[in-house]
Structure formats: structure tokens, C-alpha cells
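**Student:** Chain X is fixed; fit chain W onto it per the hints.
Here are the chains, one letter per residue:
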Amino acid sequence: KAGVTQTPRYLIKTRGQQVTLSCSPISGHRSVSWYQQTPGQGLQFLFEYFSETQRNKGNFPGRFSGRQFSNSRSEMNVSTLELGDSALYLCASSSDRASGNTIYFGEGSWLTVV
Amino acid sequence: AQKITQTQPGMFVQEKEAVTLDCTYDTSDQSYGLFWYKQPSSGEMIFLIYQGSYDEQNATEGRYSLNFQKARKSANLVISASQLGDSAMYFCAMWTISGGYQKVTFGIGTKLQVIP
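Order-wise, the sequence lines are chains X and W.
Here the first sequence stands for residues 1203 to 1316, numbered as in my numbering.
Here the second sequence stands for residues 96 to 211, numbered as in my numbering.
It is possible that part of the hints are untrue.
[Said to hold, decoys possible] Covered stretches of chain W, going by a simulated chain X footprint (3 or more residues, C-beta under 8 angstroms):
#1 102-108
#2 181-193
[Said to hold, decoys possible] Here are some chain X residues the structure puts well away from chain W; computed CB gaps all over 12 angstroms:
#3 E1254
#4 R1269
#5 T1282
[What the hints assert, rightly or not] A few chain W residues that face chain X, going by a derived Cβ cut-off under 10 angstroms, partial list only:
#6 Q197
#7 V199
#8 F201
It should be emphasised that the hints constitute simulated quantities derived from the structure, not laboratory data.
Bear in mind that the values here come from a model prediction, so they are computed numbers and not experimental data.
Note that the Cβ used here is the ideal one computed from N, Cα and C, for glycine as well.
Here chain W stands alone, though its shape is the one from the complex:
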């Protein structure tokens, strides 16, 4: 079965500092992909970054980077230069193929609070 584990229920970070949000995954599939989403209190899930299992380089999108360690089955999100607007829930997710179609599994999320 596919599983995403986020072990940090809550994290604090000082404004302008970097923060790492942990995500480990479990799958026996060779082909899969990993996402990170941000969910502010308004509810919308905002796509941040994507890493495919065959991508050799770590994905980066502006201040977001994904530290992909395939052997450890981890896909940590690194946010550099934190801003107050980064305060939100962050979800790690993984797609795998189930029944011939893409299926997505989500972690339980990490609540990040940025302190001025």
C-alpha cells in the first residue's frame, strides 16, 4: 500500500530563516511522483513543487526546493527566506498507478508558523 508520513504536526520558523518540512513515503512502484501543497486558512490547496521518481536533480521553484533522497524514500520541502505569508498547512503527496490510473495519496500535513 502507498503511504505518506509527515511526522511534524507543527513547526515554527523565524522570518527570513530557512525551514525543512519532512516527508517520507512508502511504495513498491518504480514510477511515482511527489508533490507539495500549501493550504492557507482560506482552504485552497496551492501546488508548490513536483519531483518525479526518475528525475535526477532536485526540483526547485523559487524559494521552494525539494530534497529528494530516493534510497531513504524521503522528499523534504525546504523553504528558504521564510515570509509571514508562508504560515499555512503543508501537505506532501504522492502519485502512483493503481488499476491502470494515477492515484494520489496525501500525508496528514505540517502546520508551519512563521514568527516575525
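With the rest of the complex left out, here is chain X:
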């Protein structure tokens, strides 16, 4: 069974640009979450999507957005990039039981903003 797939793995953008990251969850998983990981802030929750609806959101500015498609694939977008957006962006998927779901992560997308 294929794991969580994230693309691209590495990318470099300049300040002011926008970026779109993609995530394909494990087959059968309908919940997809996004996290930002930086050395100073650790792992920060961005948002979670379930059946194309955002049902949880972290404390990030509106420049960070996401969406989920009917096949459960998800994208996150960051507009007007800032140097501080340089980070590892991790996507995770889980099944849709009410609780006790193990979340499985992808390999992450390393974003560098210059």
C-alpha cells in the first residue's frame, strides 16, 4: 500500500512569489493535515481537511490556504512568500474513525525562500 506522497520535494522561491504544494494521502484515507516545521518553532499545525472541507485550522495568516479534492488529494498554497516561510512542510493522512487514528506522514517538501 503506497504511503503519503508529497511533491515537490525541494523548491526555491523568491520573496513575494507564491507556491503550491501537493499531497496524495494513503489510499482510503480521507483526512489530510498539513504542518510547518522550522528549527525555531518545531512542528506547527496548519490545517486539516476531511471530505473536501477544512475542519481544523492552526494560527497562520491568511496567506496560507489549502484545499482538498474529491479523490482526497490536497494542495496547500502560500502567497506573497516571506523569508520566514522557509521550512519543511509535512503532509499527513489518517483514516476517518472518530478517534484513535494513527497519522502517517509524507517525506515533506523543503521550501527555501530567498
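**Tutor:** Relative to the frame of chain X, chain W by itself:
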């Protein structure tokens, strides 16, 4: 509020020795679960082990075991017979229910280095 505390920023262990990584948690929920993840330098978060709050026995997965002490609110990871490939960041995490849905909180991690 839910909180995970990992007080060891870095740990060293000799190859083939056992090591314990500490994790304490704070929640007022009765139903919750605890995870440990390993993150090598490549970045991928690898799921290691899971313990539910109602599980009476400590979870084990190969060389990994979770020392769950509910009254102390601790969920320490024990790695037996350390290998060089165990060198990585280790994160403790907890799910609770927030707004009717599962929400996961992570600790800041412990960097483990295995010495030959």
C-alpha cells in the same frame, strides 16, 4: 489546553545499549492516544508506536516499547539495542478530541545520537 513536554533536547547512547526518551503530557480528556515518531535528517516523519489511554498493557513494536504511566502522565519511549540508524529526532505526540474531531499535538523533539 493539551500539551506535550519533551525535556531532553539531545541524548547520546552507545551502540547496542538501551535508551529512554522522556515524554510527559497534559490533558483533562479521558480518551486520548500517544504516538512516537522518528525523523531522520531526510525529513520524513516515521511512525514508531502508539498507545491508547485505555490500553492496559504497554505498547511494543520490535525494539521500541512505550512505558506508559497514566497517573504520572508520562509516555516514555524505550529503544533497546540501539543501532547507528536510530540517530534521528524523535517526537512524542498526542491526539485528543477538539470540536468533535481528532487533534494532534506534538512535542519539540529529542535529538538522539548513537555512538559506535
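**Student:** For each hint, tell me whether it holds in the structure or not.
**Tutor:** Structure-based check of all given hints:
no., hint, verdict
1, 102-108, "violated (count 0)"
2, 181-193, "holds (count 4)"
3, E1254, "holds (15 angstroms)"
4, R1269, "holds (18 angstroms)"
5, T1282, "holds (25 angstroms)"
6, Q197, "holds (5 angstroms)"
7, V199, "holds (6 angstroms)"
8, F201, "holds (4 angstroms)"
The structure shown violates just one earlier hint, number 1.
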